[in-house]
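**Q** Protein sequence lines, in the order shown, are assigned to chains A and B. If you read the first sequence in the UniProt record's numbering, its first letter stands for residue 1, the second for the next number, and so on. If you read the second sequence in the UniProt record's numbering, its first letter stands for residue 1, the second for the next number, and so on.
Derived from the structure by calculation, the hints contain no laboratory data. Please note that a few of the clues may not be correct.
Unchecked claim - Pairs of lysine-lysine, DSS-like flavour, derived with a Cα cap of 25 angstroms:
| hint | chain 1 | residue 1 | chain 2 | residue 2 |
| --- | --- | --- | --- | --- |
| 1 | A | 66 | A | 121 |
| 2 | B | 36 | B | 22 |
| 3 | A | 77 | A | 66 |
| 4 | A | 217 | B | 22 |
| 5 | A | 129 | B | 22 |
| 6 | B | 14 | B | 38 |
| 7 | B | 141 | B | 36 |
| 8 | A | 126 | B | 10 |
| 9 | A | 126 | A | 217 |
Chain residues, written in single-letter form:
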Amino acid sequence: MQSKEASVEDGEIGPVTGAGSEMDEWTNFGDDDIMQQQYTIQAEEAKKVPFVGDKEALSSLAAEYKSGSPILLEKIKLLDEKYAAIRRARGDGNCFFRSFMFSYLEHIMESQDQAEIDRVKANVEKSRKALQTLGYADLTFEDFFALFLEQLECLIQGKETSISHEELVLRSRDQSISDYVVMFFRFVTSAEIQNRTEFFEPFILGLSNTTVEQFCKSSVEPMGEESDHVHITALSDALGIPIRVVYLDCSSCDTGGVSINHHDFMPVAGDLPDASCSSEKNIPFITLLYRPGHYNILYPK
Amino acid sequence: MTSSSGAARKNLSKIACNRLQKELVEWQVNPPTGFKHKVTDNLQRWVVEVTGASGTLYANETYQLQVDFPENYPMEAPQVIFLHPAPLHPHIYSNGHICLDILYDSWSPAMTVSSIGISILSMLSSSTTKQRPEDNDRYVKNCRNGRSPKETRWWFHDDKV
Numbered sequence: 001m002q003s004k005e006a007s008v009e010d011g012e013i014g015p016v017t018g019a020g021s022e023m024d025e026w027t028n029f030g031d032d033d034i035m036q037q038q039y040t041i042q043a044e045e046a047k048k049v050p051f052v053g054d055k056e057a058l059s060s061l062a063a064e065y066k067s068g069s070p071i072l073l074e075k076i077k078l079l080d081e082k083y084a085a086i087r088r089a090r091g092d093g094n095c096f097f098r099s100f101m102f103s104y105l106e107h108i109m110e111s112q113d114q115a116e117i118d119r120v121k122a123n124v125e126k127s128r129k130a131l132q133t134l135g136y137a138d139l140t141f142e143d144f145f146a147l148f149l150e151q152l153e154c155l156i157q158g159k160e161t162s163i164s165h166e167e168l169v170l171r172s173r174d175q176s177i178s179d180y181v182v183m184f185f186r187f188v189t190s191a192e193i194q195n196r197t198e199f200f201e202p203f204i205l206g207l208s209n210t211t212v213e214q215f216c217k218s219s220v221e222p223m224g225e226e227s228d229h230v231h232i233t234a235l236s237d238a239l240g241i242p243i244r245v246v247y248l249d250c251s252s253c254d255t256g257g258v259s260i261n262h263h264d265f266m267p268v269a270g271d272l273p274d275a276s277c278s279s280e281k282n283i284p285f286i287t288l289l290y291r292p293g294h295y296n297i298l299y300p301k
Numbered sequence: 001m002t003s004s005s006g007a008a009r010k011n012l013s014k015i016a017c018n019r020l021q022k023e024l025v026e027w028q029v030n031p032p033t034g035f036k037h038k039v040t041d042n043l044q045r046w047v048v049e050v051t052g053a054s055g056t057l058y059a060n061e062t063y064q065l066q067v068d069f070p071e072n073y074p075m076e077a078p079q080v081i082f083l084h085p086a087p088l089h090p091h092i093y094s095n096g097h098i099c100l101d102i103l104y105d106s107w108s109p110a111m112t113v114s115s116i117g118i119s120i121l122s123m124l125s126s127s128t129t130k131q132r133p134e135d136n137d138r139y140v141k142n143c144r145n146g147r148s149p150k151e152t153r154w155w156f157h158d159d160k161v
């Protein structure tokens with residue numbers, strides 16, 4: 001346990017500049033410089049991609065891979081048959097939660113489905129109780145819960161508090177709202193995992209050699225920690241919202257054919273939103289595109 | 001000046017203010033064992049007294065922690081340092097900086113000042129030797145410009161102490 005400067009002085013990290021030849025200035029520069037570089041990268045990423053981007057035609061995806069792997073290009077062509085558009089989320093470790101947030105809120109706004117709001121609110125209250133039972137002090141999570149519920153209510157049109165789609169986009173880009181909703185989902189996810197320890201334990205042991213509680217403390221609750229199948233399953237189950245994840249990677253079938261794989265995260269039975277269990281035949285209304293390390297939102301045709 | 005971190009000096013946001021007021025009330029009703037909050041009218045900087053647990057190397061010793069809250073607390077971790085003199089401990093530098101993951105990368109809004117205090121006291125209690133970190137002198141020298149510990153890249157490869 002020590003500060004990372006040890007390795008700086010060992011010469012592993014740290015550029016040398018003309019300024020200062022003393023050892024301590026040199027090492028000092030190394031650490032500060034790396035931190036500064038991290039801030040700069042974050043700031044540049046922020047300029048490039050807001051928390052939630054604009055809806056873009058799917059062709060923008062192909063443009064990224066112009067000279068990329070033929071398998072990927074082939075797969076993007078297949079995606080193009082089914083999906084019309086993509087909306088990017090910032091790659092800050094919160095992209096799964098952020099994509100889920102926007103996709104869900106936008107769905108409610110477009111469907112004006114009050115029954116779905118009521119259904120999800122009942123599940124939010126279950127999560128609240130679960131956190132209390134797990135020993136979380138109300139003051140640690142109540143602001144996040146309140147802010148999410150407030151956002152939900154604004155989506156139904158014709159009320160004094162109603163917001164436009166444009167405002168929904170702005171709020172998703174406003175850190176003081178967007179991060180609070182992401183954190184709300186992190187609380188809900190953590191509660192679900194710890195409430196069903198026996199179910200999640202084998203998956204968590206496969207990811208990291210920690211206890212379920214430690215996993216939640218270190219890989220679910222801190223902002224910026226990336227999401228895995230465990231997070232998606234838990235969030236989908238806790239809120240009763242199905243999620244489709246479409247995978248875009250370089251894998252190909254043995255038979256030589258290229259196909260796009262997807263996985264539907266279906267909440268434990270008996271608690272599905274109406275839209276997905278009746279007419280639409282179990283097709284999730286949330287579709288995310290997964291490329292190794294990153295999630296974005298997809299819009300079906 | 002021990003806390004010249006620019007980020008920490010902006011005024012608290014409204015939501016941060018509300019949260020801290022709730023934490024303060026909770027602390028006053030139910031303070032963590034071994035801690036005393038020296039109440040001032042400054043919500044953004046708490047000075048907290050910690051007394052080493054009996055039966056540990058720090059029994060009956062009293063130290064002061066300074067906790068500075070950023071404007072977007074609790075989304076961002078508070079800056080926590082020991083005021084002079086800092087306890088002799090393998091993870092505590094002589095300038096008061098503390099090498100503890102929850103103060104940096106592993107912070108989450110699910111934590112509170114109270115839970116930070118408990119973690120720090122437990123870190124003191126489990127120590128088997130009163131000594132400074134190996135790289136103390138070098139690190140402290142590099143912090144002469146008043147750098148915040150939050151600007152340090154920390155390694156946390158020993159979670160036993």
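**Q** Now, for every hint given, state plainly whether the structure supports it.
**A** These are the hints, each one checked on the structure:
1. 66/A <-> 121/A: 44 angstroms, violated
2. 36/B <-> 22/B: Within the cut-off at roughly 17 angstroms; holds.
3. 77/A <-> 66/A: 12 angstroms, holds
4. 217/A <-> 22/B: Status holds; Cα separation ~22 angstroms.
5. 129/A <-> 22/B: 20 angstroms, holds
6. 14/B <-> 38/B: 23 angstroms, holds
7. 141/B <-> 36/B: Not OK: residue 141/B and residue 36/B at ~31 angstroms, beyond 25 angstroms, violated.
8. 126/A <-> 10/B: Distance of about 37 angstroms is beyond 25 angstroms: violated.
9. 126/A <-> 217/A: 20 angstroms, holds
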